[in-house]
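Student: Sequence:
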Amino acid sequence: VSAGIEAPHTFIYSPGNVSDCPNGFHWIWTAFHECAVDGRDVASVCLGLVSILCFILSSIPQYYQSWKTGNMDKALSIWFLLGWLSGDSCNLIGAFLANQLPLQTYTAIYYVLADLVMLSMYIYYKYRNRPSDCEYWGRGGGLFRRRSTEGLALSLFCLVILGNLTYGLSILLKNPENGQSEGDYVLHHLPWVFGSLGVMSLDIIVSFPAVNGVRP
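Quick note on full-length UniProt numbering: the sequence shown kicks off at 1 and runs consecutively.
Note that these hints are calculated values from the structure, not bench results.
Computed from a predicted structure; not experimentally measured.
Just so you know, not all the hints are guaranteed correct.
[Unchecked claim] Have a look at the derived ranges for each label pair, beta carbon to beta carbon:
(1) 89 <-> 185: 42 to 48 Å
(2) 79 <-> 32: 43 to 49 Å
(3) 22 <-> 97: 27 to 33 Å
(4) 178 <-> 70: 51 to 57 Å
(5) 79 <-> 128: 15 to 21 Å
(6) 38 <-> 126: 23 to 29 Å
(7) 26 <-> 129: 48 to 54 Å
(8) 198 <-> 112: 19 to 25 Å
(9) 126 <-> 32: 24 to 30 Å
(10) 71 <-> 38: 35 to 41 Å
(11) 70 <-> 176: 33 to 39 Å
Note that the Cβ used here is the ideal one computed from N, Cα and C, for glycine as well.
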């Protein structure tokens, strides 16, 4: 690297090359290849890990509910799942192209894998059940028109909301690169901040019919 030019340290994979992060926490650099030099950076990494855990756990209730009821093809729309997969695929590509934080990239990879699993389950139950009733387009519209959230786990919404919150905070807490202002840093990560904290409000709205649909 020429003099006066700082090499970005957020997503450079050089196994064992601690010189790229001499003042950082070694275990974070070794495990996630992310340079954390102070408590703010460590908090960012911890929140990122909590976010990934929430997203993983949020999938489990849906998988279980689908297996138990066998009606995933009625609870979700195929167009919603395809749109979800398309959006998460674009998110993953963007994370690589825009050199986002390592944990952002790992989360994006998980998103795509989880979408593929849910899509596979949808196709399986769709062909197994072969319902004669008409499909409703979109998850939210289907919920309000059927006035039912059967097949959708309430814990999914709660964990996704928490996951989006911790994901957005993990980005905002991270220290900017050397020579980068706070404003430039936020602007660089703005699509991902909006995609987490902004979408969180939509998750809350969609969760209302799920709450009203729960019966003792």
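Student: In ascending order, which of the hints set out earlier in this document are inconsistent with the structure?
Tutor: Violated hints: 1, 2, 6, 9, 10, 11; rest satisfied.
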